[in-house]
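Produce the entire structure from the sequences given, and follow the hints as far as they go.
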Amino acid sequence: MDSSTQQEFENTNNDSEFPIRRANARLVIPDSEDLTIVDPIIGYAKEPLIPLKDACIPLVPIVYNILVYASIALEHTPDNPAN
355 MDSSTQQEFE
365 NTNNDSEFPI
375 RRANARLVIP
385 DSEDLTIVDP
395 IIGYAKEPLI
405 PLKDACIPLV
415 PIVYNILVYA
425 SIALEHTPDN
435 PAN
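In this text, residue positions in the sequence shown follow the working numbering: the first is 355, and each later residue adds one.
Quick caveat, the hints were computed from the structure, so don't treat them as lab data. Check the hints yourself; a few may be wrong.
[As the list claims (entries may be wrong)] Quick list of in silico lysine to any residue cross-link-like pairs, SDA-like style, CA-CA up to 20 Å:
no., residue 1, residue 2
1, 407, 425
2, 407, 437
3, 407, 424
4, 407, 431
5, 407, 435
6, 407, 429
7, 407, 426
8, 407, 417
9, 407, 420
10, 400, 417
11, 400, 416
12, 407, 432
13, 407, 396
14, 400, 424
Note that the structure is predicted; figures quoted are calculated from it, not measured.
If you want it as structure tokens, here you go:
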């Protein structure tokens, strides 16, 4: 068994047979061994707010039916949100 495979086996959770992967802290549940602080993405606060459909236009080639999903989301969103 090579060293990377051995490391994966050492990092397994006792409740499962799958290795715990910590490659992207934003996508996995952090544990007590990995206390890296993930800062927010800087610069997005300066971006202007635009309608959801306009924001989805660049994603059309990437996400199948994204405009349909955006339309459904807008249909289920009240005009005046509750506070």
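Each hint tested on the structure:
1. About 8 Å separates the Cα atoms of residue 407 and residue 425, which keeps this hinted pair within 20 Å; it holds.
2. Taken as a hint, the residue 407 and residue 437 pair is broken in the structure, with Cα atoms around 24 Å apart against an allowance of 20 Å.
3. A threshold of 20 Å between alpha carbons decides the hint, and for residue 407 with residue 424 the separation of about 6 Å falls inside it, so the pair holds.
4. Of the pairs offered as hints, the one joining residue 407 and residue 431 holds, with about 13 Å between alpha carbons and a cut-off of 20 Å not exceeded.
5. A distance of roughly 18 Å separates the Cα atoms of residue 407 and residue 435; the hinted pair therefore holds under the 20 Å criterion.
6. Pair hint residue 407 plus residue 429 holds up; C-alpha atoms about 12 Å apart against a cutoff of 20 Å.
7. Distance check on the hinted pair: residue 407 and residue 426 sit about 11 Å apart at the alpha-carbon level, within 20 Å; holds.
8. A hinted pair counts as satisfied when its Cα atoms are at most 20 Å apart, and residue 407 with residue 417 qualifies at roughly 13 Å.
9. For the given pair, residue 407 sits about 9 Å from residue 420 by alpha-carbon distance, which is consistent with the 20 Å threshold.
10. Between residue 400 and residue 417, the direct Cα distance comes to roughly 25 Å. Violation of the 20 Å bound is thereby established for this hinted pair.
11. A hinted pair counts as satisfied when its Cα atoms are at most 20 Å apart, and residue 400 with residue 416 does not qualify at roughly 25 Å.
12. Between residue 407 and residue 432, the direct Cα distance comes to roughly 16 Å. Compliance with the 20 Å bound is thereby established for this hinted pair.
13. A distance of roughly 24 Å separates the Cα atoms of residue 407 and residue 396; the hinted pair therefore is violated under the 20 Å criterion.
14. Simply put, residue 400 and residue 424 have alpha-carbon atoms about 23 Å apart, too far for the 20 Å limit, and the pair is violated.
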